[in-house]
Amino acid sequence: MIYSTGSHTKFYHRFHVVWTTKYRYKVMRGEMRERIREIIIQTCQELGVHIEKGVLSTDHVHMFISVPPQIALSKVMMRIKGRSSYKIQREFPELRKRYWGQRFWARGFFSTTSGNA
Numbered sequence: 001m002i003y004s005t006g007s008h009t010k011f012y013h014r015f016h017v018v019w020t021t022k023y024r025y026k027v028m029r030g031e032m033r034e035r036i037r038e039i040i041i042q043t044c045q046e047l048g049v050h051i052e053k054g055v056l057s058t059d060h061v062h063m064f065i066s067v068p069p070q071i072a073l074s075k076v077m078m079r080i081k082g083r084s085s086y087k088i089q090r091e092f093p094e095l096r097k098r099y100w101g102q103r104f105w106a107r108g109f110f111s112t113t114s115g116n117a
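Mapping the sequence shown onto the UniProt record's numbering, position 50 (from 1) lands on 50, and the numbers just tick up by one.
Calculated directly from the structure, the hints in this document are not laboratory data.
Here the structure is a predicted model, which means the values were calculated and not measured.
Ideal Cβ placement from N, Cα and C applies to all residues, glycine included.
Treat the hints loosely; a few may be bogus.
Derived CB-CB ranges, DEER-like [unchecked claim]:
#	residue 1	residue 2	range
1	Thr58	Pro93	16 to 22 Å
2	Ser74	Arg37	18 to 24 Å
3	Ile2	Gln70	41 to 47 Å
4	Arg79	Asp59	30 to 36 Å
5	Tyr23	Tyr86	15 to 21 Å
6	Phe92	Thr5	37 to 43 Å
7	Gln42	Ala72	16 to 22 Å
8	Tyr3	Tyr25	38 to 44 Å
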């Protein structure tokens with residue numbers, strides 16, 4: 001097991017998170033799927049979050065991530081979902097027919113911790 005380090009801390013925080021598209025529409029295909037992947041990777045790098053493993057399905061996302069202790073998981077998810085929703089709806093105007101309320105992702109997310117005590 002490899003611990004991450006901060007200036008005065010050593011930590012091993014791993015989270016498995018899952019979230020879905022609104023109404024579970026199967027819209028993440030092709031170019032849109034690749035763009036969502038890029039946005040999520042870029043956002044995680046900006047926050048200092050390390051993606052251990054991630055899978056994009058057509059209607060949901062699974063990620064296994066390492067989050068620094070100074071950032072709350074809820075803030076990480078808020079930034080990932082908010083930024084990706086905003087950018088995807090601007091870049092793919094055909095989504096307006098499905099998502100008229102400017103919400104690409106469903107409310108909330110599932111998370112569980114993983115690690116050794």
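Here is what the structure says about each hint:
1. Thr58 - Pro93: 16 to 22 Å: 20 Å, holds
2. Ser74 - Arg37: 18 to 24 Å: 22 Å, holds
3. Ile2 - Gln70: 41 to 47 Å: 19 Å, violated
4. Arg79 - Asp59: 30 to 36 Å: Violated - the Cβ-Cβ distance for Arg79 and Asp59, about 21 Å, lies outside 30 to 36 Å.
5. Tyr23 - Tyr86: 15 to 21 Å: 19 Å, holds
6. Phe92 - Thr5: 37 to 43 Å: 40 Å, holds
7. Gln42 - Ala72: 16 to 22 Å: Holds, at about 20 Å.
8. Tyr3 - Tyr25: 38 to 44 Å: 40 Å, holds
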